[in-house]
Each structure stands twice: as C-alpha cells, then as structure tokens.
Amino acid sequence: MPDRQQTFSKVLELIEPMNKKGVAITDATRFAQDLEWDSLTVLDFVANIEDEFDVMITMNMQAEIETVGQLVDSLQRLTAAK
Amino acid sequence: MTDLFAKFDPLIQQRQALLDSGVTDPFNLVMERVESPTVAICNGKRTILLGTYNYMGMTFDPDVIAAGKQALDDFGSGTTGSRVLNGTYAGHRAVEDALKDFYAMDHAMVFSTGYQANLGVISTIAGKDDYIVLDIDSHASIYDGCALGNAQIVPFRHNDTDALEKRLKRIPEGAGKLVVLEGVYSMLGDVAPLKEMVAVSKANGAMVLVDEAHSMGFIGERGRGVAEAQGVIDDVDFIVGTFSKSVGTVGGFCVSNHPKFEILRLVCRPYVFTASLPPSVVATAATSVRKLMDSADKRAHLWENSKRLHGGLRQLGFTLGTEEPQSAIIAVIMPDLETGAAMWEALLHEGLYVNLARPPATPAGMTLLRCSLCALHSEEQVGEILDMFASAGRATGCLS
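The listed protein sequences derive, respectively, from chains A and B. At position 72 of the first sequence the residue is numbered 72 (our numbering), and the sequence of numbers has no breaks. Take any residue in the second sequence, note its place counting from 1, add 1000, and you have its number in our numbering.
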C-alpha cells in the first residue's frame, strides 16, 4: 500500500486546478459544500483521479465519499486491492 | 417545521437577481399562436423559431395532421391505460411497425416519452452487478435511468475513446457491461466518434445503447442517425429515440435486434406503469416516421441551413460550440448567464426564439444560446436570423 501522505499529496495536486475558491485543503474538506463543486465538476475530477491511480470509482461509490480524507482512504483501499 | 423548500433558496435568489435586472424571464415564454414549424406569435410579435428541435418540420405536414384527426375520430382522445393492459391500439402496433421498417430492425417498443424510453431501458437491462459506462455529458434521462436502476455507474470524459476503453478494462472479468452513448450531444451539437467507440465497446464485451434523439430523420443516408452515418449501426445493440424532435409529436422508443427484446414489455416499469400515448399521437408519429424515410431532399437542405448559419455566425464574431457544423444544432457560447439572458431577450425583441441553456444542463459551466435549425427554414429566413444576431449582438455588446 502506498504511503497515505503520498496519496494525499497527489489528490491535492489534482484538486488545485479546480480549486477556484482557493480553499485550504485538509482531510475534512468537503467537495460539495467547501469546494462548492457542482455534480459535473465532481465527475470531471473523479475521472482525473481514476486515470491517475488507475482505479475505478463508480458513481455509487462517490455517494459515500464526501470529504478529501474519505477519498484518500478509499484510494488507499483500492490501490492495495489491485 | 423545517421548510423542505429551503434547499432551493440559492436558485430562487439567483433567478430573482436575474429578473430584478429587468430581463424577460427566459424560462417562461408563451407561444400565443404557432403559424408553422418555423414561425410563432410570441408577445404579439411574429417570431422565427430557432430553438424547437423540429428538425424536419413535420408538425404541420398535411398527411401527418390528417392521420391524427382521423385517429381522434376513430379511436377517441386517449387510451386511459397501460400498454400491457387496455392501452395498445392498432395505432401503437402500426407505429412500432413503422419504426422497424425505418431502422430495418426486428423489434420496436414505444414509450410515452423519450425520457421514459431511456429511463426504462437503461434501468431495466443493467442490474445490480452490471456496469453502465456512459459519457459524462449524457442527457439527464440517461443519468436518471442509471439512478432508477441498481447497476454500477462509471462515467468517462466526453467523446474520449481512450477514456472509455480504460474504464471498460477496469471492470471485473465476467461482469455485464452496457455502454451508453449519444449520436449528437444536444448542448454543443457535436457528434460522437461512434465508429471507434462502438468498436472498443464490442472488443471489451459490452453491449451498446446509442441515443439518436437529435440525429433521427436528418443524419445518415436514410436518416437513421450517426451510427448509420459512421457505418456501425449493425453493431449497436439498442437505439433509443424520440418522437418529439424530427418526428414532430411526442413519445419515445427503443429498437433492437436482440432476440429476447420483447420481454422488456413485461419487466420495464416506465413502460408498464404509465398510460400509453393517445391514438392521435401514434397515428401522427407513424405517418411522420414513414415520410421521413424518403426525405433526402429535406436532409440536404437542412445541411445547407446548418452550414450557412454556422459560417455566418462565425463571420459575425460569435464563439460557437463546434469548429465545423456537425448537426442541426449550433451552440453560441456566451461569456456568462447575465450576458446570455440579455442576448436572448434582445433576439426575442428582434423576432427570434433560441434556447437559453445554462449549468448544470451545460458542460463546463457554460451559458449557451442554442439554435436548432429546421429543414423548412427558408434561405431568406436564415438570412434574417443572421441579421438579427448581428443587431442583437451589437445592442448587448457581445459584438463590437
């Protein structure tokens, strides 16, 4: 399993170009409320994450992921399972 | 008591701010009279219609109208029943036969709307352990079909064949796969690379559904859509379409060669648990579908209209959704919602109706003035349309 901090940094890197509000990102940052992403922005972002980590994050799984921390944890699990 | 409507407050405020600026509500227009497929009276003013999806102008076709009137006389105003109970009349069978002939396919199933056709087919054929892979810019009816069912949903970047292939390859071995594509995407009017995408889908063991709502009647040698134009219609498992665009009435359908297709009539809830289309509607649809088979001249004229409007708008200095005209939809990209609403109103004052489209219906947060051309727009009308865009553009500062 990759280092959690490494995964977090990579996620941060992918969030930044879409972080129009310049929100400071922590594990607790919420995609919808704090970053104010609409549904299409979320889908674009997830597509980037999927290709970066070569994993599949279905929309069904996205419903369970509200914060950056939850995404990082899911990615840790998904990459470990490969 | 928590007001359940509180969640709509941001939208209510945005809308109020727009109306307070004095602009006409773009989502509340009433057509007082409709003279033809291309002209209506709005606010007492003669208005050219350039936002109706009435691509082939069948709404006032004399044969279509006559068929509808005859069916009203012979079968009454409505069926008051489900297709599987008392709601299948001779006309419902006749329109399904017309569709089978139009597409040269074995099976056709007619729904009460195009929205319900996507909702029904997608939610029913993809079950809990199956995967649906769909384009991110898919129509709301496709997303809602996914939401109604239990399948795993995997979106891919718009019109990106590599992104589709990557996602197909990540799906576990042995799982059922449905790829959902559109022939023409209605927001920007761009066409999907179906040739490549269908090949990739088949190579990875997926079934393919293509929504040809915005291409039927117009694109392809026989008007069967983008899959026909790109030579892959035989590899497409399901084509979904609508009667509310080129066909000129309302209703939806799915055609297929799948040998077990007919079972859907018993298991597809949006087909079973709703009333069937009125007899007059299926009669107009059947007549219209059959006439669309032999409409090569109209298709050619519509292409001319599309090319001329696209070239003309570009020459005026507008930014368009596609580099080249790819369909009968020309999308004019506006810098923001306020400018878009102002331009929309200025065009209406000139005597032109187009669709104002805004997020979340549009990709990448864009505000669009969406123009859909009709085969019955005359050369003179296209000229008038360009003149109106020029003066509205100057009046609103969109053009210098």
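Derived by calculation from the structure, the hints in this document are not laboratory data. The reader is advised that the hints may include incorrect statements.
[To be verified] Here are the simulated distance ranges between beta carbons:
1. B/Pro1010 to A/Pro17: 34 to 42 Å
2. B/Phe1008 to A/Pro17: 50 to 58 Å
3. A/Glu52 to B/Gly1076: 54 to 62 Å
4. A/Lys10 to B/Val1030: 32 to 40 Å
5. B/Leu1316 to A/Arg77: 26 to 34 Å
6. B/Met1031 to A/Pro2: 56 to 64 Å
7. B/Gly1078 to A/Lys10: 55 to 63 Å
8. A/Arg77 to B/Ser1077: 42 to 50 Å
9. B/Gln1315 to A/Arg30: 29 to 37 Å
10. A/Arg30 to B/Arg1093: 23 to 31 Å
11. B/Arg1015 to A/Arg30: 23 to 31 Å
12. A/Glu52 to B/Lys1202: 34 to 42 Å
13. B/Gly1022 to A/Asp27: 19 to 27 Å
Ideal Cβ positions, reconstructed from N, Cα and C, are used throughout, including at glycine.
At the C-beta level, are B/Leu1316 and A/Arg77 separated by a distance inside 26 to 34 Å? violated, 54 Å
Status of the given 34 to 42 Å range, CB of A/Pro17 versus CB of B/Pro1010: violated, 25 Å
With 32 to 40 Å as the target window, see if A/Lys10 and B/Val1030 comply at their CB atoms. Distance hint for A/Lys10, B/Val1030 is violated at roughly 53 Å.
Starting from the range 42 to 50 Å, see whether the pair A/Arg77 and B/Ser1077 falls in it by beta-carbon distance. violated, 58 Å
If I claimed the Cβ atoms of B/Arg1015 and A/Arg30 lie 23 to 31 Å apart, would that claim hold in this structure? holds, 26 Å
Beta-carbon spacing of A/Glu52 to B/Gly1076 - inside the hinted bounds 54 to 62 Å or not: holds, 60 Å
Determine whether the Cβ-Cβ distance between B/Met1031 and A/Pro2 falls within the hinted range of 56 to 64 Å. The hint (56 to 64 Å, Cβ to Cβ) holds, given that B/Met1031 and A/Pro2 are roughly 59 Å apart.
For the hint 23 to 31 Å, verify it against the beta carbon of A/Arg30 and that of B/Arg1093. Once the Cβ atoms are compared, 53 Å apart, the range 23 to 31 Å for B/Arg1093 and A/Arg30 is violated.
Just to be sure I understand the hint, the distance between the Cβ atoms of B/Phe1008 and A/Pro17 should be within 50 to 58 Å; is that true here? violated, 30 Å
Between the beta carbons of B/Gln1315 and A/Arg30, is the distance compatible with 29 to 37 Å? violated, 47 Å
Could you check the hint for me, namely that A/Glu52 and B/Lys1202 are 34 to 42 Å apart, CB to CB? Since the Cβ atoms of A/Glu52 and B/Lys1202 sit about 28 Å apart, the hinted range of 34 to 42 Å is violated.
Are B/Gly1022 and A/Asp27 spaced within 19 to 27 Å by their CB atoms? With Cβ atoms ~46 Å apart, the hint is violated.
Of the numbered hints given earlier, the model fails hints 1, 2, 4, 5, 8, 9, 10, 12 and 13; all others are met.
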